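Protein chains: 2
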Amino acid sequence: MPQGRVREDWKRVLRLTSPQEAAERLLEYLKVKPRIEEVSVADCLGRVLAEDVVSSQDIPPYNCACFEGYAINSDDTAKATRDNPADLRVVGRVLPETKNIPTVRRGEAVFLVTGAPIPQGADCLVKVEEARLEGDRILVFRSFSKFENVALKGEDVRSGETLLKAGRVIRPIDVGLLMGLGFSKVKVYAKPRIAIISVGRELYLKSLECRDPPPNNYAYVVKGLVECFGGSADVLGVFPDDVELVKGVLLRALEAYDAVFTMGSCSIGINDAVPDAVNELGKPGVLVHGLALNPGKPAGFGIVWGKPVIMLPGHIVSAVAAFYVLCLPLIGAMTGRNAEELSPHVYAEMEDHEETGGACRFLRANVKDINGRFVAKPMHGGANVMVTLLRSNYFAVLPPKTEVKKGEMLKMKALTLLDALPR
Amino acid sequence: MPQGRVREDWKRVLRLTSPQEAAERLLEYLKVKPRIEEVSVADCLGRVLAEDVVSSQDIPPYNCACFEGYAINSDDTAKATRDNPADLRVVGRVLPETKNIPTVRRGEAVFLVTGAPIPQGADCLVKVEEARLEGDRILVFRSFSKFENVALKGEDVRSGETLLKAGRVIRPIDVGLLMGLGFSKVKVYAKPRIAIISVGRELYLKSLECRDPPPNNYAYVVKGLVECFGGSADVLGVFPDDVELVKGVLLRALEAYDAVFTMGSCSIGINDAVPDAVNELGKPGVLVHGLALNPGKPAGFGIVWGKPVIMLPGHIVSAVAAFYVLCLPLIGAMTGRNAEELSPHVYAEMEDHEETGGACRFLRANVKDINGRFVAKPMHGGANVMVTLLRSNYFAVLPPKTEVKKGEMLKMKALTLLDALPR
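If you read the sequences in order, they're chains A and B. Heads up, the final residue of the first sequence is numbered 423 in the working numbering, and it's a clean run with no missing numbers. Heads up, the final residue of the second sequence is numbered 846 in the working numbering, and it's a clean run with no missing numbers.
There could be a bad hint or two in this list.
[What the hints assert, rightly or not] In silico lysine-lysine, DSS-like type, Cα no more than 27 Å apart, as pairs:
id: 1; chain 1: B; residue 1: Lys836; chain 2: A; residue 2: Lys165
id: 2; chain 1: B; residue 1: Lys550; chain 2: A; residue 2: Lys401
id: 3; chain 1: A; residue 1: Lys297; chain 2: B; residue 2: Lys550
id: 4; chain 1: A; residue 1: Lys411; chain 2: B; residue 2: Lys791
id: 5; chain 1: A; residue 1: Lys411; chain 2: B; residue 2: Lys550
id: 6; chain 1: A; residue 1: Lys411; chain 2: B; residue 2: Lys834
id: 7; chain 1: B; residue 1: Lys550; chain 2: A; residue 2: Lys11
id: 8; chain 1: A; residue 1: Lys146; chain 2: B; residue 2: Lys720
id: 9; chain 1: A; residue 1: Lys368; chain 2: B; residue 2: Lys550
id: 10; chain 1: A; residue 1: Lys297; chain 2: B; residue 2: Lys569
No lab work stands behind these hints, which were simulated from the structure alone. These figures come from a predicted structure and were not determined experimentally.
With the hints as extra help, turn the sequences into a complete structure.
In structure tokens form, the structure reads like this:
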């Protein structure tokens, strides 16, 4: 019986690569060109912009009124006071439907609605509530400065100015800007389509017994992570650790998706099917198997048909650790961004002393705001202890042979945007 | 002609209320009871949990194997070394399909797959790669400690333990946990349904001329904000500043939505239709009109049929400022959360000196990470200068008569989760 046996060649198979080098090799080999698609501006919130947005016009297009009021020449108010107001004749009105803008001469005023162009001869605006209207005249009780209450041509945006850069996550204000500039569609990076496949005999037998709750609930954690970072993911199911079967499943998934993330069955047990399946599907096959990362050691990746297969371990903390090291840079590259940009960070004071051995460590921690200081409480526990992730909101990948002293400040990344809530 | 006239009673109408008091009155009057709905666990990512999730079981349910390996009694390895290994007889295997768990006596070992229960008599696990299998015996080359490589019953989760609290935004790991606990559905707070109505003669005339680009692009900024904070919003369109017409639109919107946010036509011009429309629809009508907030002064709110109508100014920066002061606490209450929890914060060093007068100030700033320090560059410009928001990612509401010195640390909130990326 094969169970309980390590494959004889395990020392040749599992060669630990540093997480950083592994990610670099992945991206270097793939030379990812992000797919671009056009979406309606009304649906672009939260997507990643794939083009620079340059203004084709000055905004405002002319000097215009910031408020409803009277356009005047500021010199007319030079000596105006409460007791000795300037007295100006209202010679016209610029309403939304007005086509011909009157000129303002000295001693005159023209009524403007908000946003109306400042007439020739005028250089400032008196808000309606600051003017006393008496018949066809207004009284102004203080001096006004040049351009007071006037929005200057191009003050908001200059023609030719780059307003939004490719790679920016589109925010609410950006949607308003794009619409204001006349965009109805906008180019964004397509969401990478990820297939998630769980492999393992125990899981497979469980899945035959009971499909609800799903035995591969960990796959849904990875699906959630993919979605939080801008991809879309389908959980394809649980498969037994049979190399031929896994090959078939991988082939079908690679046809329909941009990348496959497998979970489980990638270690050095004689039944671990994923690395062999990836290798048998053709060159180059497995490029990295084994990360110098704790937890996360059995992870790796291969390339099949020019598409990546990331092999995540079956234990949840290991899978999540390897996700940040391998999957996040991949999703970043597929959406025109650096992995570093995908998640907000804080600098937090370590509550405990931590040190690493020969491998990197995936340090997970609960970061809280304690009276204005961000304090990180590291979470310990085995690679299968899900609750340590539940109680964490930030993480760091500590390099080998590192000592972080209690009280030292450490840069930590939020696990997802949803976690970025230090309270 | 009425244009250019301030309503005569404007000093009675517009009474400035502090932003904090305004929000308190809004929530106090409404006594919001968040609506609760059930969603499939597969669709709950990012939603707000509406129930405490308590574990009904210990996880793991029994002491179990962290890895594939051999369950043994640690005492048998007390003297084991590389040269003098412990020699144990393999008396059984626990595979996923095994029903009867054998007992381990002294000098014996039982093979376990990952996750299998530790048999009676055993107290630790030797990983397969650490044991040398020779026929039906294994050699173990070092001493093992009690519970080494064993996940203890309840180590992850104890029965009766509260794992997730109502009000928590559901993260990827939570989805996995809920599934693991056997949930197929989960109670979440329903997304508040917000109607957005733009009112104003200029906008309305523009909307007749040209519907693409939409003249009420600012309404889409507010829609995006609502969505970023967990609500859903529909932009209902642009309407002229006619009190009867606005009343009709409000009534229809209030029937179908949980709240209405109006934009524009809420100041003290004689044509500003929204406050009168709200008042004429019945008691209590407008409760706050005027915020001691700069920009954002003309904002306010009323209650019609027990539902809130938040009146946002037409200028974009004022509208956004008032959104944070009035709409955000409302959305928070409608989703079981405090407004403070909705947006991540940082402590940032002010790049400029700032001071406020008699009113609060909505300070918007670009926060950057400069060599490990978060530095905030305040953005200045009129209430209509959209680009200042485009270049900002964090904000603070400064109290009246406050001085923030250059170099001082200020707590700033991210404009949205999407902005929480200080780089």
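Status of the hints after comparison with the structure:
1. B:Lys836 x A:Lys165: With Cα atoms ~23 Å apart, B:Lys836 and A:Lys165 stay inside 27 Å; holds.
2. B:Lys550 x A:Lys401: It holds: about 25 Å lies between the C-alpha atoms, which stays within 27 Å.
3. A:Lys297 x B:Lys550: At roughly 14 Å apart (the allowed maximum being 27 Å), B:Lys550 and A:Lys297 satisfy the hint.
4. A:Lys411 x B:Lys791: holds, 14 Å
5. A:Lys411 x B:Lys550: violated, 35 Å
6. A:Lys411 x B:Lys834: Given that 27 Å is the threshold and the Cα spacing comes to 18 Å, the pair holds.
7. B:Lys550 x A:Lys11: The hint holds at about 15 Å.
8. A:Lys146 x B:Lys720: It holds: about 24 Å lies between the C-alpha atoms, which stays within 27 Å.
9. A:Lys368 x B:Lys550: violated, 37 Å
10. A:Lys297 x B:Lys569: holds, 24 Å
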